[in-house]
Amino acid sequence: MSHESVNPVPIKHKYFTPGVIALAIVAVNGLVFLMGRFFFGLGAVTNLNNQYPWGLWIGVDVAAGVALAAGGFTTAALGHVMHREEYHAIVRPALLTAMLGYTFVAIGVFVDIGRWYFIWHPLLMWNGNSALFEVGICVMIYMTVLYIEFLPIFTERFIGKVNLPGFLSILNKPADKVLRILDKGLSKTMFIFIIAGVVLSTLHQSSLGTLMVIAGPKMHPLWQTPILPLLFLLSAVAVGFPMVIFESLIASRSLKLKPEMHILSRLGSMIAPLLGIYLAFKLGDMFIRKTFVYLGEFNTASIMFTIELLFGVIIPLRMFLSPKVLKSRPLLFTASALVVFGVLLNRINNFIVAYNPPYSTSSYFPSFGEISVTLGFVALLVLAYRFIVLNFPVISLPTKPTAPKTKFMIRGEEK
Amino acid sequence: MKKFLVLLIVSFLIFNLQAQQNPSKDHSKLKLDCKTCHVCDVPTKDDPCLVLCPRERITTVYQKAEETSELIVIDQLKDRYGPVYFSHRLHAQMSNMSGGCENCHHFNTSGPILKCNSCHEPNRKREDVRLPDLKGAYHRQCMDCHREWSHETGCNSCHELKKNIKDTKQENSAKKYVGKTHPVVLEPTHITYQTNSDKGKLVTFYHDDHTKKFGLNCISCHKQESCTKCHDVTKKSDSSKKIVSTKKTFEAQHKNCINCHSKNESCNNCHSNKILEPFDHAKKTGWALNKFHINLSCSKCHGVKIPYKKVDSSCSSCHGSWNNENFKHSKTGLQLDETHSDLSCEDCHIDKNYSAKPSCDGCHEGYVYPKQKPGKSVRK
Amino acid sequence: MPDKSRRDFLKKTAAIGAGITALSSPNAKAGPENILSPDRMGVLVDTTVCVGCRNCEWACKDAHGLPAGNLETYEDRKILETKRRPDHTALTVVNEYSHGKNSNLPVDVKVQCMHCDHPACVSACIVGAFSKHENGTVTWDSDMCIGCRYCMAACPFQIPAFEYDKALHPMIMKCDFCFDRTKEGKLPACVSICPVEALTYGTRTELVKIARDRIKRNPDRYVNHVFGEYEVGGTSWLYLASKDFVELDFPMLGKNPAPGVSESIQHGIFAYFVPPVSLYALLGGIMWITKRRKELEEEGKI
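Chains as they are written, first to last, in our numbering: chain A, 1 to 415; chain B, 1001 to 1380; chain C, 2001 to 2302.
Since the hints were derived computationally from the structure, they do not count as laboratory data. The reader is advised that the hints may include incorrect statements.
Which stretches of chain C does chain B cover? Using the computed rule of at least three CB atoms under 8 Å from a CB of chain B, they are [what the hints assert, rightly or not]:
id, segment
1, 2043 to 2052
2, 2062 to 2070
3, 2099 to 2107
Derived, one-sided and incomplete: chain A residues facing chain C with beta-carbon distance under 10 Å [to be verified]:
id, residue
4, M82
5, E85
6, Y117
7, I194
8, K258
9, S360
10, S363
The C-beta atom is built at its ideal place from N, Cα and C for all residues, glycine as well.
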C-alpha cells in the first residue's frame, strides 16, 4: 500500500449514454423552472410563503449539499493531515465531489436569495452574531480553497500539453510557463490550504447547525437542541466516508472500472465508530432533554425522526460493524447509501419538517418547480463530475504501477 | 379706604386660593375610603399622594336624567370631521341602569361638573400618558357601548365629514334628537334562577315586589348594565319565563341580596325546589295589611335599619299616641254618630282586635255590622 | 533539510494564524447597530380598550405609501371573521377574538412587529441589515438586504414578510415603528389615529409602570400579565388583555432573548478566533508529526 497504486488519469469512456441523456433532460427541466424564478420571482416557482421562508432549496441544495460534500475534508484530513497515503487514490474523487458540491451549494444560495445580485454583500457587510454570516463566509473561503486544491489537477492536465487554437497558439509557451510556476508554488504551499480546508469545514458544518437554533420554539423539540452544531458536525464527519464510497461505487459502475474495494473496505471500517459517536450524542441529547416523549405521538415529526434515526444511523451502523458488509460491494453500497440518506433526511427534517411556525395555516410541501430545480442541480452536478473525470486526472487506475507523483502533498523538502 | 380695599382684595385672593386648593372643604366627610384617592396613610397638603383617577363613585354629580340638557355639541377637536351632536338627556336616561351620571362624569369630587379637558389633554403627544388624551377619552365613553350596541366602529355613525356639512344639515342633526326619550323600562314580575345550591335549586326573585313594595331604585342593584341586557341586539328571543341559570360565584350572586337580607337569614327564605309565591305580608307575618297599610313603604313601620325590626301587630306599636280622645274615627271611612262617638274603643272592638268585625251585641240585640252602621260612611 | 522544512512550516503557520487574527478584530467590532437605550420608546396596547375599528391599518398603509384605499371601507367588519397576519400589503392587522363571557364585546388585537429589546432578526441577519435604534425601533435596511429570509426563520413572532411575487428587488416588509415620523417628532401613524387611544406611546419603562398600575387597579378587567414585559427578554410593544394571551394567539415564549443561545454558541466557537486558530495549529502539528514519522520510516528503510 504505497505510492504505486495512486495513478490518477483521465478515464477513457464515451460521455453520452442513455443515462446521461436522461440526466440532461432532468437538468434542462430544472433550468426551465429556474428561468421562471428569475423572471417572475420566488413566489412563481416555489411554495414558499411568509410562514415558511425556507424550503427545499435551503434544506437540500444548501444544507444537505454542504453535509454531503463533507467527504472532501474528511478524506483530506485522513490522507494528508494523518498522512495515510494508502487513501490518496480516493482523495481526488472526494475533492472533486466536494468542489462540485460546494459550487452547487453556492448556486443554490444564489437562486434562493431574493436579491441574487447582492450575494457579495456578506463580504463587505459583516454581522459576527449571525450564524448564517459565519456559514456564508466560511463556505465562500472554503470554496476558494477547494478550487485551489483542485488547481494541481488542472496544471497536471495541461503542463506540456497547452495547445490553444488559431493565433492564440503563440501564447502556448507563456501559458505553459505560468502553469509550471503555479504548480511549483502550489506544491510548496498546499499544506496551508489543506489544513485551512479542514478548519473551515469544521467551522461551517457546525455553524450550519447553529442556523436553526435561533428559531427556538418554532422548531420541533425532537430536533431543536443547543447541541445542534455539534450534531451537524458529527453527522457531517460521519457522512464523509460513506459519501466517498457511495460516489466511488457509482462512478466505477458507470465508467466500467474495477472498484477499489480494498481501499473502500478499509474506509468503511472507520465509519462505524464515527456513526457511533454521532448516534451516542443524538440519543444522549434526546434522553437528557427527555424529548423521547414526542416519539410516542404518532405524527409526521415522530415518524420522520424514527426513519432518520433507524434507517439513517442505526441500521447502517450495524451493517458497517459486520466484516461481511465491508467486503461485499452491494452491501457496502447499501450501507453507505443509507448513511447518505440518513444525513439528507436529517437536513430536510431540521430545516423543513421540524420548522413549525406559530401562525401556520397550512404545512409546506415543495412545489414541482422547486423539486425540478433541485433534481436539475443534482443532474448537472453528476454531468459535470462525469465530464471532469473523463478529461482530468481524477480517478486512479490501480493496475498501472508507474505513476506520476501526487501533487498535493507536503513536498517542501523535495528537490 | 385704600387700605380697606387692599385688605379686601387680599382676603378675597386668599379665600380664592384656599377654595382652589380645597375644592371641597369637607370631602373627608364624604362616605369614602381615604385609600380611594390617597395612596399613602397620611396625605398632607404638600404631598397629597393622589391616585391618578380613582374612577369610582366619589362624584357628587346628581341630576335626574330628565332635568339635564337635551343636546350637547362636542366641537373641541374638530379637524377632519365636524362637531358631534350628543343627545345628552337621552344618554343620561340610558345610563340610569348603568352607573348613572358618574358613568361618564367619573371624576367629580364636589362642586361644578368638570369638563373632560380639565384632566384629559387635547394633545396625544404629551409628557404624562397615564390618562388617555381628550380624543381617546371622548371615544372611550362612546365606543365602549356603541360597538356593543351596534357592532359598528365606523366614524360616520357619529361624525360627519367636514366637507359634507352644510348649515341645514347641521340643524337637521341637531333636530334629530329633540324630544327623544328613552322608552320606559319594562320590568319583569319575577325571575327564576336555577342554582346549584343544596338548600334548594330554585330562587324566585320577585322583581316588582322589590321595586314597588320594597321601594328599591334601579341603581341599587343595576350598577353597570349594558343596554344589550334589555335590548336584545343579537335578536335571540329570550323569554322571561325561562329559568335563568347562573354561573356567578357565590359572592357575586348574593352581592345585591345581602345588602338587605341578613346573612343570618335562613337560606330557605329564597332557595326552594319549587317556584315560590310573591311576598305576602299576611302569610309571612300572619298580619294582613289592610287598605290603610298596603301602600306604605316597609320602613314606615319597620324602620330604615335593615334587617327590619319585628313590629307588634297592635296598633299602638306604631300609632302609640292614639286614644279615645284624639283618634278620629272618620279616618277609617266611617264617621261615628253622636251616640257612638263617646263610647270607648273596646265597647265595639272586642279585646282591641281591630282587624275583626266590630260587635254590636253589647248594646243592640240582633244588630250586625255592616248591615247596621254606627254612623255614616265618608270618603277619606 | 528536515530542520529547514520545520522552520518554514512553523513560520507559515504562524503567518496564517496572525492573518486570521488580524481579520477577526474588525469582525468583532463590525455588525449592525444594536442599542438598548434605557429611554427607548414603546407602545402599550390595551386590548380591553381597542374597539377594532382598524383605523390603524389604514393609517399605517397611508404612512408607508402602501395602497390604503378609503378609510370608510375599513368599517367592514366581515374581514375580522378570518385571522390575518401582517404581510407585504399591510404591516399591521387587527384580529378579533371572542370575549368568552359577552358575545357582543369581542376582543380585538392589533398585530405588528414587537420591536424586541434583543431582536432575533438583528442577530440573525447575514449582512446586518436590521438595526435596533436608540428609540427602540427595529428597522431594516433595503440597501444591504440580500433577501435570504433568515430573519423570517429567526423571528419568534413570525413578523417579517417577503415580497415573493417580485423578481427584482423584493423587500422584507415589517412595521418600522414609523421611524421617519418619530424622527420628526411625530407619533407613529397608528398611535396617532387610534380613536380610543388603545395604543399609548411612551418610554418603555413608564409604559410598564402604567400597565402594572392598570392591572392593580382593575384586577377584574385584566389578566395579571403584561405581554412583552419579559417575553424573549422584553419587547418595546407591550400588551394588556382581559383573557389569557394564549387564547389571543400570542406565542408562549420564555424570558430568554431569542438570539441568546445561538449567539453564545457563535461566540463560543469564535471566541476571539482562538478555537479556529488552535484547531489550525493542532492540525498543522499532527500533519507535521505524521509526515516526519513517515520520513523517518523511509530513511530507516533506506
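> Does the segment 2043 to 2052 of chain C contain three or more residues whose Cβ lies closer than 8 Å to a Cβ of chain B?
Replying inline: holds (count 3)
> If you take the shortest Cβ to Cβ gap from A:S360 to chain C, is it below 10 Å?
Replying inline: holds, 8 Å
>> Taking 8 Å as the Cβ threshold, is the statement that the segment 2062 to 2070 of chain C is covered by chain B upheld or broken by the three-residue rule?
In response: Three-residue rule not met by the segment 2062 to 2070 of chain C, so violated; n is 0.
>> Please check whether A:S363 passes as an interface residue: C-beta within 10 Å of a C-beta belonging to chain C.
In response: Since chain C brings no Cβ nearer than about 15 Å to A:S363, farther than 10 Å, the hint is violated.
>> Let's test the interface hint: is any C-beta of chain C closer than 10 Å to that of A:K258?
In response: violated, 28 Å
> Taking 10 Å as the limit, does the beta-carbon of A:Y117 come near enough to a beta-carbon in chain C?
Replying inline: holds, 9 Å
> Would the hint on A:M82 stand, with a C-beta cut-off of 10 Å toward chain C?
Replying inline: Hint on A:M82: holds, closest Cβ of chain C at ~6 Å, below 10 Å.
> Does A:I194 pass the interface check with chain C, least Cβ-Cβ distance below 10 Å?
Replying inline: At about 8 Å, which falls below the 10 Å cut-off, the nearest Cβ of chain C leaves the hint on A:I194 intact, so it holds.
> Does A:E85 pass the interface check with chain C, least Cβ-Cβ distance below 10 Å?
Replying inline: Holds, because the Cβ-Cβ distance from A:E85 to chain C comes to roughly 8 Å (cut-off 10 Å).
> Checking C-beta pairs, does the segment 2099 to 2107 of chain C have three or more residues closer than 8 Å to chain B?
Replying inline: With 4 residues close enough to chain B, the hint holds.
The structure shown violates the earlier hints numbered 2, 8, 10.
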